[in-house]
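Peer 1: Protein chains in written order, with my numbering: chain G, 5 to 287; chain R, 4 to 159; chain A, 124 to 853.
Everything labelled a hint here was simulated from the structure, so no lab data went into it.
This one's a predicted model, so the numbers in the text were calculated from it and none came from an experiment.
Heads up, none of these hints are tricks.
A few chain G residues that don't get close to chain A, going by computed Cβ distances all over 10 Å: (1) P50; (2) E147; (3) E166.
Each pair of labels, with its calculated beta carbon distance range: (4) A:R532 with R:D159: 23 to 31 Å; (5) A:Q137 with G:G46: 30 to 38 Å; (6) A:L420 with G:R62: 56 to 64 Å; (7) G:R204 with A:P792: 45 to 53 Å; (8) A:P721 with G:R62: 42 to 50 Å; (9) G:G46 with A:D676: 55 to 63 Å; (10) R:G58 with A:L238: 52 to 60 Å; (11) G:A17 with A:L238: 51 to 59 Å; (12) R:S75 with G:D29: 31 to 39 Å; (13) A:R630 with R:P121: 58 to 66 Å; (14) G:T261 with A:R257: 38 to 46 Å; (15) R:P121 with A:P792: 28 to 36 Å; (16) A:P721 with G:R249: 20 to 28 Å; (17) R:S75 with A:A662: 50 to 58 Å.
Cβ atoms here follow ideal geometry from the backbone N, Cα and C, with glycine treated the same way.
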Amino acid sequence: MAFSLASPRTPAAAIRLLADAPRGDVEVLAGGTDLLLDLDAGRVAPSRLIALGRLPWRTLRRSGGDLVIGATLPLADLERDPRLPRDLPGLFRAVRAVGSVALRHRATIGGNIARASPASDLLPVLLALDARVRLLGPSGARELPLPALLRGPRETSLTPGELISHVVVPVRRPSAYLWQRVRPSNDISQVGIAVARRERAPYWAVALGGVWPVPVRLPSVETILDAPVPGDAQVERAAQEAALRAPFVTDKRATETYRRRLVAILLRRAVHAVAGAPQGRSR
Amino acid sequence: MSGPIALTVNGRRRRVDAPDAERLLDTLRWRLGLKGTKEGCRSGACGACTVLVGGRSTLSCLTLTHEVAGASVTTVEGIGREAVGRRVQAAFAREGAVQCGYCTPGFVVALTALLREPGPVASAERLLEDLGGNLCRCTGYAAIRRAVEAVRREVD
Amino acid sequence: MRTDAPAKVRGALQYGADLEAEGMLWGALVPSPVAHGRLVAIDAAAARAMTGVRAVVTGEDLDRLLPKGGGDPARRMFPSDELTYRHQPVAAVAADSLAAARAAAAAVRVTAQELSSVDGIEEIFPDWPGDEGRRSPHVVAHVHARRGDLEGAFASAEFVLSQIYRTSGVAQVALEPHVCLARVEGDRYYVRTSTQAPFAVRSDTAEILGVPESKVVVEGSWVGGGFGGKASALLEPYAVVLAAAAGRPVRLGLSYREEFLLGRSTLPAVVRIDSSVAGGTITGRRVRLLLDAGAMLPGRDFATGFAIGFLAGPYRIGAVELEGYAVRTHKPPFGAHRAPFAPQCAFVVESHMDAIARRAGIDPIDLRLAHAWQEGDETPLGQRVGPFGLRAALERAAKRRSEWRADGRGTGGIGVACGFWSTGTGAGGEVSVTLSRTGVRIVEGEREIGSGSVVRGLVAVVERLTGLPPAAVRLEYRATDAAPFDSGVFGSRTVGALGRAVETAVRTALATLAERAGVPEVGLVYEAKELRVRVRGRARPLATWLTAAERKDGGLTVRGRHYGRSGAFDAGRVLDGEFYAYTDFTASVALAQAAVDPETGAVRPERVAEFLDVGVALDPEMIRSQMEGGIAMGLGEALTEETLWAASGRLGNPGLLDYRVPTLGEIPPLETETIEGYRGAGPFGAKGVGEPPIIPVPGAIANAVLDATDAQVPELPMTPERVARALKPL
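Please work from the sequences and hints to get the whole structure.
Peer 2: This is how it looks when you write it as structure tokens:
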């Protein structure tokens with residue numbers, strides 16, 4: 005497990021280091037809270053790590069209707085933003101659902117996205133909020149909708165030498181993130197569901213974690229919900245559709261069957277929470 | 004290899020010549036002899052190895068020493084240099100929040116960091132929620148809760 | 124305040140994990156790659172050639188490294204042929220650094236012929252076995268006992284309730300993993316280790332190495348939690364042979380992953396329980412237990428014959444039959460874990476009691492009160508029950524339940540459960556106590572493991588006996604070559620047995636002084652940091668009553684010993700196997716309120732109260748700390764903790780992310796109350812308090828879930844998915 009560590013100070017230097025290294029021989033260290041576990045377990049054995057901690061991407065700013073989050077911003081800094089709980093309640097809750105305070109001091113939003121974990125608590129909310137990622141690589145910058153980046157566990161469509169530089173999240177959309185865990189605190193979610201509502205049609209965005217191989221949007225569910233305040237029957241149909249369509253599997257955290265039951269329950273609760281629960285029972 | 008680096012540990016400047024792959028936990032314990040920082044799960048899930056890096060609680064098992072080159076590190080051995088840390092230590096001892104004591108350094112460091120955050124002191128409820136990453140297997144957290152509530156009243 | 128707390132909050136004490144020695148090497152174990160198989164070859168050439176590697180030891184090297192004849196062949200350190208669980212150590216490595224040792228261990232090539240493994244008990248016995256059970260090669264222990272006319276009771280019952288419960292394996296999760304440091308000097312082996320029982324480690328290590336106990340010296344360190352997992356040797360023999368091979372001290376510790384893979388703890392069980400009821404009375408009970416013993420060696424099972432008694436419950440029942448099998452599987456051997464298997468037993472019998480109460484239309488507490496043991500009652504094996512505070516505890520629980528119902532602070536169901544335990548005062552111990560000018564010094568061989576039983580418990584005995592302040596009493600820990608013998612800190616026995624030894628020693632010293640002073644009795648006082656003797660109301664210098672030799676030795680030294688006796692049971696009721704008598708009867712009752720999400724099945728405890736029969740409360744603060752810690756651990760076993768054993772002996776969750784112990788957020792407000800007046804075998808009638816608090820908690824949560832939902836969850840832990848399935852089949 006001997007590797008050398010490079011801590012470039014400019015994006016250009018980081019990209020050059022990354023592009024020059026033989027594939028599979030280099031890993032990017034963002035917060036390291038997953039990567040170091042992989043190194044310990046021998047799941048990866050690079051000879052070089054490129055740490056992003058010194059890049060000028062520990063930033064958070066508002067631009068137009070967007071929140072622009074630097075990829076190496078520790079989750080704790082995002083959580084401490086005084087406007088986040090009001091602007092993006094779903095994202096705020098999802099950030100606080102990741103690990104512990106000390107872990108969030110190192111874990112970064114870019115690292116979390118690039119890991120593309122099926123159980124990520126952040127990805128469902130970012131998907132539901134139509135987040136976009138800005139990438140920087142040897143051939144310049146580009147911006148992608150988040151779903152175009154995610155391929156599967158630890159797999160993204162980043163090209164060799166390419167890094168996530170920023171995450172762009174439209175603000176002021178009512179959103180909610182609900183999850184179920186065996187242990188309520190500090191556990192990995194069996195199912196996580198994020199919903200967000202836009203001001204005009206199509207109104208609803210619904211995204212899921214705890215799926216395989218990577219968190220996804222559920223367009224058919226969104227279509228069924230198509231009203232600012234959907235009726236109980238509509239929500240019920242959407243819940244059934246979610247239970248049917250969600251790409252669940254059985255693993256050590258939950259069976260597929262239980263996950264299907266859960267997603268219907270959590271979808272109802274999340275939609276009612278965002279829609280103000282005028283018809284449905286508020287929980 | 005990146006060569007030797009400098010760290011300020013508990014207020015003292017230290018020169019460390021550690022391999023790039025070394026964890027801050029191992030540097031503190033085996034290179035600097037600061038064994039008050041405990042090794043538990045070594046995977047970020049127990050909080051026993053919590054130290055302050057630049058004033059922020061940090062899991063030293065998931066931190067490469069070279070990543071924090073130049074930073075100021077505070078361990079349980081140095082946490083009592085300031086009043087808040089001393090109050091936390093006193094409250095833990097007084098309220099019976101210490102049994103085997105293996106999780107204690109992590110709790111003391113993590114709580115001190117929370118109490119020293121800028122702005123108004125967080126509610127006891129929020130403090131307890133934010134200590135969720137520190138596991139204790141002996142106390143059932145009841146005495147820890149009492150210690151947190153007591154020290155919060157003192158510093159507020 | 125505990126005397127160890129100020130140093131612990133500063134991180135100033137040396138735990139096993141902190142041990143270090145000049146020239147020390149780091150050890151690592153080479154694991155079996157299969158759960159079951161034949162060892163074909165070990166190729167260590169590549170590992171030996173690696174930089175920094177100082178020793179590689181396999182089974183073939185043992186004869187060279189250890190005295191001739193070496194060791195108990197049944198307890199070989201390294202298997203010579205059959206591999207019986209995955210990760211079983213087959214070789215060990217010592218190197219200059221931990222990284223080098225781990226890399227070398229990974230480079231040792233182990234060739235094994237994999238054989239089919241037994242992964243679970245129900246693979247062997249999908250149904251309750253008939254005669255084939257006793258003949259099965261997979262059975263390592265069978266116990267069977269009966270009392271009364273069970274067939275008659277079942278035949279004449281208004282109803283017979285038959286249920287099956289399953290429980291999962293749980294792990295101790297002491298935050299400090301196992302670790303030790305060994306060195307060899309001449310023909311003596313020195314081991315410093317994080318242990319609950321230095322003398323047990325000495326005898327285990329000597330037996331495994333095949334040397335006399337006198338050749339092994341064990342010194343305890345401060346211990347970062349034990350919970351039963353550090354009560355016998357695990358790593359020490361390996362560290363010794365590595366030190367012998369390398370000629371240097373070797374530190375051998377487990378990673379936390381190995382802690383789960385190699386540690387010994389509670390394994391799964393299936394329990395069938397049937398009770399007959401007539402006129403509101405339980406007339407008969409049959410308990411049939413299948414316990415996963417892991418790779419337990421025949422003859423070493425302790426759990427089946429001990430635990431099965433808990434499955435009948437602390438209740439007067441006319442006819443009882445107990446039968447259990449310990450079934451060998453290819454998991455690590457079953458091991459002790461805070462009240463081994465008793466919380467699981469109480470979950471079963473207490474869930475069953477509530478099911479009976481519902482069926483019979485009786486309040487759950489009333490049903491228990493009507494059957495609860497009192498002093499003089501008989502256990503199923505015919506042992507007389509000693510002073511036992513169960514009824515008093517139940518009455519307190521009933522009162523608290525009414526208050527809870529009235530105060531509206533919880534919304535969930537309320538459940539009650541009973542537990543009982545026998546403090547292990549049968550395991551004996553000795554101390555040496557010296558009265559000197561500077562105070563009372565207790566020389567003993569136990570390190571504090573966290574519970575306070577040593578640093579506070581032993582001191583509290585002296586305080587109570589003499590009225591001296593704690594500052595007048597000093598504990599002096601010594602290694603096994605210099606300390607008086609003691610069995611270890613386990614079984615809630617420390618204050619009960621070693622505390623009695625302290626009591627005896629101090630009483631003897633006082634009697635000696637009284638005799639010399641020519642008075643019926645003397646007292647001790649501590650003034651201006653000086654210990655003085657009070658004779659006829661006047662404090663005099665201690666030296667006045669000491670002999671010249673004692674003055675030269677620094678004081679009056681007296682040995683105290685306590686080897687308690689177990690009660691006796693009626694051997695005529697035993698049909699097969701080994702049962703154990705109880706030494707002491709301790710009751711604990713838990714009352715829990717828990718809200719259940721009717722859709723997701725998530726259970727949220729709202730509050731837990733516990734009522735503990737302590738005999739006499741020697742130190743209320745320490746008792747509360749044991750109760751609170753036990754309740755929290757019980758909540759973990761109730762709701763979230765389980766080892767996920769999968770096919771081929773693989774463990775699905777060897778880490779703290781997926782083996783879920785409670786965090787601060789999972790623990791609701793806790794209430795603790797003690798019941799005094801039912802004397803135990805400890806000093807002044809004290810009973811042990813380390814284990815009883817955990818026992819009734821899972822059962823109380825189960826019954827709160829039942830109260831909230833009208834559904835029983837027949838399995839531990841009661842995860843949201845299992846509860847959801849009980850509420851509505853998936």
